[in-house]
Structure formats: structure tokens, C-alpha cells
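Colleague: Chain by chain, the residues run as shown.
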Amino acid sequence: MDQRTLALGVEAVGCAAFDAGIKGAFGYPGTPSTEGFEYVEAMIQASAPERVAQWATNEKVAFDLALGASYTGHRALVTMKHVGLNVAMDGYANAALTGVQGGLVVLVADDPGMHSSQNEQDSRKLAEFSWLPCLEPSTVQEAYDFTLRAFELSEALQVPVMVRLVTRLAHCRAPFLRQETLPPTHRGQVPGDHVQDWVLIPSNARRRYVDLLAKQPRMREAAAEINRLVPGTARRGVAAAGLGRAYFAQLALEYPELAALPRLEVAAYPLDPATEEAFLAQVDEVLVFEEDYPLLEERLGLRGRARVRGRLDGAVPRTGELSPRVLKEALGLDPLDRKAIPALDLPVRAPRFCEGCGHVDAYEAVQEALRNVGAPEARVFGDIGCYTLAAQEPLEAIHGVVEMGASISLAAGAALAGQKPAVAVIGDSTFAHSGLPALLTAVESGADVTVVILDNRVVGMTGQQPSQALDQVERLVLGLGVPESHMAVLTPLPSKHAENVAAVEAALQRRGTSVLVFRRECIQSLRRGVLKEHDREARERQACTTCAPEVRP
Amino acid sequence: MSAARIHGIVLAGVGGQGVLSMAQIVLEALRRSGLHALQSEIHGMSQRGGSVQAQVCFADTPLTSPLIEEGGADLLIALEPLEALRYVSMLRISGHLITAEDPIADMEGYPPLEDVHRALRAVRGSHLLDTESLARKLAHKQAGGMAILGMASRFLPVPEETWREVIAQRFEPKGARVVEKNLEAFSAGRQLIPEGVEV
Chain A
1 MDQRTLALGV
11 EAVGCAAFDA
21 GIKGAFGYPG
31 TPSTEGFEYV
41 EAMIQASAPE
51 RVAQWATNEK
61 VAFDLALGAS
71 YTGHRALVTM
81 KHVGLNVAMD
91 GYANAALTGV
101 QGGLVVLVAD
111 DPGMHSSQNE
121 QDSRKLAEFS
131 WLPCLEPSTV
141 QEAYDFTLRA
151 FELSEALQVP
161 VMVRLVTRLA
171 HCRAPFLRQE
181 TLPPTHRGQV
191 PGDHVQDWVL
201 IPSNARRRYV
211 DLLAKQPRMR
221 EAAAEINRLV
231 PGTARRGVAA
241 AGLGRAYFAQ
251 LALEYPELAA
261 LPRLEVAAYP
271 LDPATEEAFL
281 AQVDEVLVFE
291 EDYPLLEERL
301 GLRGRARVRG
311 RLDGAVPRTG
321 ELSPRVLKEA
331 LGLDPLDRKA
341 IPALDLPVRA
351 PRFCEGCGHV
361 DAYEAVQEAL
371 RNVGAPEARV
381 FGDIGCYTLA
391 AQEPLEAIHG
401 VVEMGASISL
411 AAGAALAGQK
421 PAVAVIGDST
431 FAHSGLPALL
441 TAVESGADVT
451 VVILDNRVVG
461 MTGQQPSQAL
471 DQVERLVLGL
481 GVPESHMAVL
491 TPLPSKHAEN
501 VAAVEAALQR
511 RGTSVLVFRR
521 ECIQSLRRGV
531 LKEHDREARE
541 RQACTTCAPE
551 VRP
Chain B
1 MSAARIHGIV
11 LAGVGGQGVL
21 SMAQIVLEAL
31 RRSGLHALQS
41 EIHGMSQRGG
51 SVQAQVCFAD
61 TPLTSPLIEE
71 GGADLLIALE
81 PLEALRYVSM
91 LRISGHLITA
101 EDPIADMEGY
111 PPLEDVHRAL
121 RAVRGSHLLD
131 TESLARKLAH
141 KQAGGMAILG
151 MASRFLPVPE
161 ETWREVIAQR
171 FEPKGARVVE
181 KNLEAFSAGR
191 QLIPEGVEV
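Sequence lines, in order, name chains A and B.
Just so it is clear: in the first sequence, position 476 is 476 by the working numbering, and no numbers are missing.
Just so it is clear: in the second sequence, position 184 is 184 by the working numbering, and no numbers are missing.
Misleading hints may appear alongside valid ones.
Residues from chain A that keep clear of chain B, each with C-beta distances beyond 12 angstroms, as calculated [what the hints assert, rightly or not]:
1) Y209
2) K215
3) I226
4) R307
5) D337
6) L346
7) E377
One-sided and incomplete, this derived list gives chain B residues near chain A with beta-carbon spacing under 10 angstroms [as the list claims (entries may be wrong)]:
8) A3
9) G15
10) E70
11) L82
12) I104
13) G125
14) L129
15) F171
The hints are simulated quantities; they were obtained by calculation from the structure and are not laboratory data.
These numbers come from a predicted model, not from an experiment.
Just so you know, even glycine gets a beta-carbon here, dropped at the ideal spot from N, CA and C.
Work out the full structure: start from the sequences and follow the hints.
Modeller: Written as C-alpha cells, this is what we have:
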């Protein structure tokens, strides 16, 4: 029987982090990174009470938690999707200067083709920008192996190391071979004579920046050990990274003639100029296969040694993900014969709100209230979550979605510029993620804004993870300066529609910042009983009379 | 060096129908049969009632590509007829299509069902199953999916015993009765396709 473990690529990263002896895993959910955290979380809950797995309010908080664990000398993993790295970027770029103590691996899952994201930015570029190493696996086995290697590299070079996945690998399920599991490792906290390295006041930071640059040759050497030059007899070559490497390797099984092409297989960054030169010396023309940005393509092109082809000259489509078909076209291989496409118009089956979802009731109340106050055309600012589906037919209830937590400031900015009424719609977890500072500023600015918080008590879209704002949305809202007279808690149910419309109308006509909390648990999490235990404990605490009422939670 | 023969399976349906779960059963069954296999799926918003697709590829040599090319699939397994039509062009000329006849038509612009069925029957190598009737006959509301898998199983180089093992393990947490009902549905489907059609 096969002794290998069967898991998704992103789960293999979580598994490797466990086996590498991490003390802590941290993250914020985001497709396609979520299962990486959940996998290691399940391992920790099942068998390792001395370790910790903690979701954070956002990716920056998650990164800082991991860096704090690293400071104490323990290994740590932090997980996020590509746009989450933007949120964590302040910590990530500056941890390049402080360095790390315990190994720190940053799992970032990119989403070329934007299956469930608002852009297809390339995290390799942000690693390069931060002068940090990045490993890019192409198979599930490599996702596991490279993560182990990333922890070693992180400690050897004393910097955070990124493991970059893309959707197709993150959600590719395949067997992989595990190594032995290390107990949590411990290198001791940052020693006294290195404490100043971690205090990034300008005098230290200048020194640490020089130190970071001085580490670059070692980073390039480490990458060069992982990257591979495969010689061939042809004068046309292929440079491939990540899934480009995986697709090419498989095509080479089906088309043995491809073995004649010299190959540069890239799996680690920063790239070593000597490797690039050695490869370019063998070829007159190069086809570059990489996911997202033409990073490798630009670097090779700048050397001026060969004709470099890829996304920039149209040999590969400028946007979207790679596929075997894309590679074949670029390589001049004929497509396969296939069955004819049936001559019938097939309507798109778009995702939609679940039957009975409370978000729909909340949106219907907001739309009717806007009509009642004579503003049916008012632009409403939305945010990121299941409720973003309201931008589409039939509701078309939100008219702007940019990034996590943006809705409140977009509405406040529009209000300050004269829009009336100005409405923001945000979920409870997105509110915790980055709506909190936005609400504080909205209140401070005196803008006339109505903020609708859709509180379904979980992070619905990514699989009903716990929301950090669970049971405390009102306290947070009041704590940020919204007066009690300007807050209402509503239940989004058809039977409460009239009442809800009246509450929204009142808020729309009020001065200053008003908040409407529409609370009803996500029906998926209700069905799965995600909060059952939590709610039972809360009820028991309420019923317990050992403490005086004023100190009960 | 001769070219490797890589086989592909596309599984399609609507969010909530169990497409991903079926893909995992297929992957595990192939793996236990000593083949190299990997599976690709897309998560996220598509869980919310949208089109869902998963792919499994297998060969007797290690594989690295999680994606099947158009024309690279030997088998299309669909739990909904419109979703089956959507992926017909993934099939090789010689490929087979197994699909449920019963629609999930809660959307605008769903073509007349007879047109959908006619288009499916026009595809060479298509096998349609009236899952509703089968479910009634077996007194098992969810029999359709397992019966579709049973039909598809004839085309795959996996011994019947291995299928039964994998299915039994999959449903074990839900109790012996559920295991038995699913195995019954699987067998009912498997009997609908004659032996000797393995890819």
C-alpha cells in the first residue's frame, strides 16, 4: 500500500510546516490559501497541544504574530492569499531588515486568472521588492519539500522566506511523501547583542539595510542550488517556472521531441545572473512560461543575448493563467482533436446567494429605504465577501468593490465630497479585518454615512471560519465613537422587512455616522453547526450565577 | 522514447451536488489500483450554486500537470445535463460522456430540456441516466450520483472491489445503512454499462 499522504498542494505546505517543527501557524482566510492553515490547524488540534494555530483579524496581524513567535526562537508559518500580502506588506518588507530568529515561512497563494480575486498580482515581485527569497513549487511533492527547505533557508539566512503557490497547484490533490515530524524547535530568543537589529530606528535600519543587501549573494547561491539547467541540442530553449515547469514536464512525456530543447527550470528566487548567462549561451531563442507577471522574461530579455518570447511579445497571452494548451500553442504543437461543441446556447451558471441567505433580506431593506428617501439611484459602496454577489443581477445593490474594508472609507470620502446619501455595506469579518480604523475616521470626519454591517457571525465565503468580531460587533462600533442613538441591531428576515426598512430610512436621514448591524447566522454555518458549541458555552456562562452580574461576560 | 498515454476525466455539476467529493473517490480508486493520479478543483464562490468542475488525470507514469487540455479527456462524468454539455469539447473523439438527465434549472435562459437531452444524445459515446426514476426504484433520494459513478466505473481500470472499498470508507462515518445504500446505487449504475469498455 502506498504510504504517501494525499492532500491539496496548499495543504502539503501546512503539513510540511508541522513536520518542520513550527510552534505556531497564523493566517487570514482567502482563496486559495485557506486550506493550508486549516490543515496544520487540524494537525495541531489532533495531536500537538504544545503548538498553536490562530486565525488573525487580518494578514498584517497574522504576519506580526508569526514574527513575534520567530523572535522567541520558534519556527512559525503565516498563510494568506496574494492580495493579503498587500495588507501584510509593512511587516513583511520590514522583517527583511530585522531578520528572523526562528524560521519564518510565508505561504502566499496567488490567483492567476482571478478565479476568486480582484487582481492577478504576482507575489514573486513583492519578494524581489523586499529583497527576500521566494521558493516556487510546481507539484504537491515540491510544495511539501520546498516548505521544509524554506524553514532551513530562513534560519540560515535569517530572513522570512516566501513559498509561492498558484490556484491550480494550491487546489491540486496528489500524493506526497512526508519526512519525519520534528517536535517544536527552539533556537532561543533574539540574543542581547542582536536586540538593536530588531529596533528599526533610522540608525539601526541603515545598518540593517546594508546587512540585507550583503545577504543577497548567499540568497542567489541558495536559489542557484535549487534551479536547474537542462541541456539540449536545439537552439531554441524554454525557461519555465512554477506551473509552467509542471505543464512543460508533462508535455515532454507526451511529445518526446521536446527533450531536445535546453531548459532553465526556475523554482527559487532571487535568480543568479551566472545561471541566466549559462542558459542563454546555449540558445538563440527562448520561450518563457511563468504564471502572472513576465518577471523571468524581463530579466532574461534585459541580458540581450537571445530572442526572449513570452507574455510581452504575445507568444503567451498577456493575462490569465497558463494551461497545457497555452504552452502547446507557443511551442507550435497542434491542439488535440476533440468532440464538436454542441450547437446550443448555454447560459452561464453564475454563483449566487444561498436559498434563505440573510444578506438578501438586508439588501432588499436597504434598497427599499433608498427608494423611500427618494434616492433609488444612490451609489452604494460594497466590500469583499459572499455579499459581493449583490453587485450582479438581480439585486445590483452595490456599485463599487475595491479591497478589504474599503467600503466605509469610500462612502465617507464620497460623503465628504458631497454625495448624499452615502452608504457602505461590509461583512462582520471584513469589518474586523480593516473596517475598524475606517469607521473611527468616518466618525471623526463628521461625514453623513450609513454603514451597514452584514453580520453572519462567520467568514462565510471561505468556508465559515470563525469571525474575530463574533459577538462583539456592537461593542466595537460603540467603542469607535458611534453614539448609541446612531446604531441599530436588526434581524434580516422577510418577516422583519418593514421594521428594517424603517430603521435604514431613519439612518439615511440622520447626520453623522450611523451603523446598522444586520445579524443572522450564515445558513451554511448553521447547517454545519459551526457555532453550536460556542453558543452553548455562551448560554451556560449566562446562566451561571457564581459571579456578580456586572462581571459576567 | 515513446510518448506516454495520459488519461483524463472531467467531472461537472452544480455547487452542492457533490462533484468534488466524487472526484476524490475517483482519485483514491485510481491510486489504489497502482496508477499515478492527480486531481484539480476550483474552490470559493463556485460553491454557491454555480458551475463546478473537477479534473482527474492518471497514467502509469508520474504526472505533473493538474489540468487536462481540450480534447484530452477520455471520460466526462456529469451530475447535471446542461453542465455536461458545457464540457463536451473537453472529450477526445473517442471519449465517453455519462450524465444525469435531471436538470437543475433554477436559472434564466435554461434551454428546453428536450433540446438539452437531444444535444447530449447526439454526442457519440454518451450515456444518459434518468436519476429520478432510479432514486424512486431504489428508495434512495441521493442514489443518482453513485449510480452515475457506477456507470463511469466501467470505463476505468479499477477493479470493482476497489471501488466498493473506497465508497464504503467514504460513507463509513455516516453509518452502515448509508454505506449499503450507496453501494447498491453504485452497482445499479455499473450494471447499465456492459463489460469491456475500459479506456
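Colleague: The structure should be examined with respect to each hint, and the outcome stated for every one.
Modeller: Results for each hint:
no.	hint	in the structure
1	Y209	holds, 39 angstroms
2	K215	holds, 32 angstroms
3	I226	holds, 17 angstroms
4	R307	holds, 27 angstroms
5	D337	violated, 5 angstroms
6	L346	violated, 6 angstroms
7	E377	holds, 24 angstroms
8	A3	holds, 5 angstroms
9	G15	holds, 7 angstroms
10	E70	holds, 5 angstroms
11	L82	holds, 6 angstroms
12	I104	holds, 8 angstroms
13	G125	holds, 8 angstroms
14	L129	violated, 18 angstroms
15	F171	violated, 18 angstroms
Checked against the numbered hints given earlier, the structure breaks hints 5, 6, 14 and 15 and satisfies all the rest.
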